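Enquirer: Given next are the chains, with one letter for each unit.
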Amino acid sequence: MTYFAPNSLDDALDVLAAGAQIVAGGTDHFPAAGQSVPDRDLLDITRIETLRGIWPEGKDQGGGWWIGGATTWAEIRDADLPPAFCGLQQAAREVGARQIQNAATLGGNICNASPAADGIPPLLVLDAEVHLASVSGKRVIALSQFLRGVRKTARHKDEILIGVRIPPARGLASAFEKLGARQYLVISIAMVAVAVRLKAGCLDDLRVAVGACSPVATRLGALEQRLQGTPVSGLADPALVRPQDLSALAAIDDVRATAGYRLDAAAELIRRAMTSAAGLAVRHD
Amino acid sequence: MTDMVAFNLNGRPVTVTADPGERLSHALRERLDGRDVKVGCDAGDCGACTVLVDGKPICACLMPVHQAAGRLVETVSGLAGGDPIAAGLCESFQDFGAAQCGVCTPGMLVCATALLRECPEPDEKAVMDALGGVLCRCTGYRKIIAAVLAVRAPEERLREGGVGAAIRKTDGLAKVEGREKFGDDIAPPGTLEIRVVRSPHAAASFEIGDTTAFLAAHPGIVAVQTAADVPGCNRFGVIPGFLDQPVFAEKLCRFRGEAVASVIGEPPALRALDLDDLPIRFSRLPGVEDLASAQARDATPLHADRPGNLMCEGFVLQGDPKAALREADVTVSGEFQTSFVEHAYIEPEAGFAQMVDGRLELHACTQAPAMDQEALAGILAMEPDRIRIVPTAVGGGFGAKLDLSVQPYLALAALATGRPARLAYTRSESMKSTTKRHPAIMRLTIGANADGAIQAFDFKAEFNTGAYASWGPTVANRVPVHASGPYRVGAYRASAKAVHTNAPPSGAFRGFGVPQAAVAQESLFDDLAEKLGLDPLEFRLKNALENGMPTVCGQVFERGVGIGACLRALRPFWQRERAAAKAVNAGGATPGVRRGVGLACGWYGCGNTSLPNPSTIKAGILADGSLVLHQGAVDIGQGSNTVIAQIFSEALGVPISRMRILGADTDITPDAGKTSASRQTFVSGNAARLTGEALRRDILGKVNAAPDSVIDLRAGSIHVRDDGKSHRIDLARLDADREGYVFRAAETYDPPTRPLDENGQGEPYAQFGYAAQLAVVEVDMALGTTRVLRMVAAHDVGRAINPLLVEGQIQGGIAQGLGMALMEEYVPGKTENLHDYLIPTIGDIPPIETLIVEEPDPHGPYGAKGLGEHALVPTAPAILNAIRAACGVRVTRLPVTPARLKAAIDRGGAT
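For the record, the sequence lines run as chains A and B. Numbered according to the numbering used here, the first sequence spans residues 178 to 462. Numbered according to the numbering used here, the second sequence spans residues 323 to 1233.
Just so you know, these hints were derived from the structure itself, not from any lab. Don't take each hint at face value.
Stated by the list, open to error - Listed next, the in silico SDA-like pairs over lysine to any residue satisfying Cα-Cα at most 25 Å (straight line):
1. B/LYS864 to B/ARG741
2. B/LYS378 to A/SER391
3. B/LYS1152 to A/LEU426
4. B/LYS573 to B/ARG520
5. B/LYS1152 to A/SER391
Quick caveat: nothing in here was measured; it's all calculated off a predicted structure.
Let the hints inform the model, and build the full structure from the sequences given.
Expert: Rendered as structure tokens:
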């Protein structure tokens, strides 16, 4: 068994092609491993500089944003980003605690594919694209397509998630609401991200994603459509979100909560997140 | 890629050979002598192992050591010794009592150092954000926050003083500097290790195949031990007549996590071993999960000699409650249910054993060294004096470290191999296999007259005692004695059954069932007050016990009944907070959020229930003038090292700084009993007082000095000043005993109690402590979430030997009570880690105001009463009553998770 920590992506892809297991922040790797000893080579991708950091694309590339796969949640949390990223940054503050945020990576959160991954809903509402590389080349896949189920993704064994691209998000503002049974270090019972763009005081573009209420976090397309054009003043209505708006979800009973509670809570969190995202959009208008 | 990893550790370059994928925490602890890095969960859930890597806090258990290559790694010992900010924190933590057991302290200090480097003047929220990833189970966090906030403007606190002085802990410095040795910090690296094979099923039979062939095929594995390898009796327990738990199961496993075998081996071989490779085959059997199925007519008893799965029953009867209920003007009834609660101390059970000159020497975290010695003597078929128990520092206990855990496996391994051996439970192993708080189903009816005087009280409880007895009998006996709360309740009947299920043994957990009973009683008291149209506090005060009134056991205390004083101390806070809540709710500042204020009381008898529980404390003076205190009352963080020394200092008249404190250690300290039942300050404290007084009498007697003379201990002599006269005792001229003492004293104290008769009448305890707490909560009506905004706690401690430690016990108890009320529910097989099993974090504990009430107890040392368990008793019901006040909903099932509260709100009534 060998521990590889290459500085270049090409070297990393070669190691991976030979069957190594990726480790980055280690925050999911070690709890899953428990006391067992690794049976494969380990590939540490945190020393590959090109996989780290957040930056805006040049105009010729379309004006989106790039977040490297090995970027930590602390880096995302502390970056100076436009209001579209507010929800993602709120989620970054809620990923575990400081120790976890300092180590855990964006790519790890996505590839671990936990139904309760706090980072996913805010990325879904930004229409994030997942960029993968392997020795045989690169490919791009929508995050919503990349996530396939509980702990299941479309990543091939020889692929590294090199980064996430956020398409141009000018005018969008987002918010994130997390519900857990305690403060800090808590697995979500439910969480919601909302992104909005306003036009003349009404929702011109609404995007809603819910996590921990289905095997993978889910965008609520029907709700987004239905509330298109709603005036900001109407978002306070407690009955704004109806049970049928959540039909895309498939919540379960577990030790944290019942399925029914999760759906009720999700509806309330959506309402709250819409209100705060709209408020943010108004302030940045 | 080589396996050599080079980095900078605390300012010095180090190179270490490590396995690929090895945790940084492991490399630091086992390869670089970094035992200041504590491991609590190996999953990033507790933060005890936090270190700084290039200045940033990370969990060392989640970083591959190779990732640290070329970086700067700072741990608490390095920071304490070299960073002025950390050094300031070390002082502040001691001044504020921010370290109790000390096992989370390295993580807390490291995080706080990183915060203060970036932000020298943080506010409370910033401190919480920075420390939110470190769990503490002892302190309730508030003193930690205060200590961090105070670093920039330190206040000098007392370091010396007798009874009543809020001095620093005598053992605090080692804890803040990371030098304290806990259970897993004793063994030298490379020591033989042990892993325990456990049942994967709640009920199972099993077969063990050819272990000889297995050993032959696994070089580096030294031995496999099973029930056949137990030389003495393969049974242990804590209550005479109830020794029913095998060290290794024989044929049948009665709970998930029960041990069937242990594997002893060289560390690398043992780590590489997949326990599933052992020739052990389990077959799942049907079992009983809960109280109902355990008592079903066709249920098979877990133990053949306990039909109906009934282990035992406790009972108290006074008067005719049925008749009294019929005559009462108003009655209320309710059924309440609580869950398994896990102790979740941050230090999993761990220890080290070796044979020394033919004797077994065992170092482990424990609350009861003498009981460990006696139990091991039976298991090993050895004379007790051939067994030396040296308790390590204990990283939290709360009751579960009263029972044996790692000890028999360590002892058997050292005996069989003749080599030293170590064992540290993993977090999930600790959670699966050690005791829990008893889940309870309680039914209660209370009747009162129209004027508010309680006339009748009928309480029936069933406790899920799990697979083995442990402290279940104590719970069954204590609860009926306490279920009335500290009140005069007229005719009284209380029964408590302990029933076996296929679950981990329920045992001792801070309060022995009394916190559960208080949930039922104090909840219904609010319902009753409402029916009567009385203020909940005034209703309680009207019925509160007073000096000279008999308890439900017919026991009369002529002095020291402090519940009335606690309620009166709370009254101004109660009135103010209720008015404030009313105004906030009327104002509707936050729509959908309702505020409520709740109140609850509690009492707790200190020491064993009607059974002897003596403590002995010994002290001596050597010819060179040094004073040695043999202090065997195990300090599990609560502060007995300090409190016993303060009492002894007061009685003898010599400052603590002149003392050397030894122990606990069964070779050198007399038996001071177990650290349990809130008995150390009271019982061992009295032994310390008697010992100090005896030593003082001997010294003064030598020179015929008056009792109020001043003793001045110097090198080789004692000077006694007696009203202007001065005497000098030349110690070299006195005969020294075998241990070199020229003066010595060893005194014993056993609290006076009387047995309970068949109706539970008698004198179960020599003293009770009393408490009343108030909780202010906010309920988010749409989500069902509860946030506790403030707690005020009035506690009658008789005499606060050390007010700083008193506050620490109260705040820590409240944190556990809050967890029990709102989030803690252990489900075997589902919550065997610290992310599915939730305990409160630093963000959950509100400001806590402590009001120390002192109604001196006639028996307590200087009037002091026990406190450890009292702190927890009123908390959960106070929060439940506050929730009811906030949203009108009575929740009867604990914990009150958001889902449960929301369901109750939607139904608009009781759950």
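Enquirer: Against this structure, judge whether each hint is valid.
Expert: Quick rundown of the hints versus the structure:
1. For the proposed pair B/LYS864 and B/ARG741, the alpha carbon gap of about 65 Å is over 25 Å, so the pair is violated.
2. Using a Cα cut-off of 25 Å, the hinted pair B/LYS378 and A/SER391 is violated, with the two alpha carbons roughly 34 Å apart.
3. Distance check on the hinted pair: B/LYS1152 and A/LEU426 sit about 24 Å apart at the alpha-carbon level, within 25 Å; holds.
4. Restraint check for B/LYS573 and B/ARG520: the C-alpha separation of about 13 Å stays at or below 25 Å, so the hint holds.
5. With a C-alpha separation of about 19 Å, the suggested pairing of B/LYS1152 with A/SER391 holds against the 25 Å cut-off.
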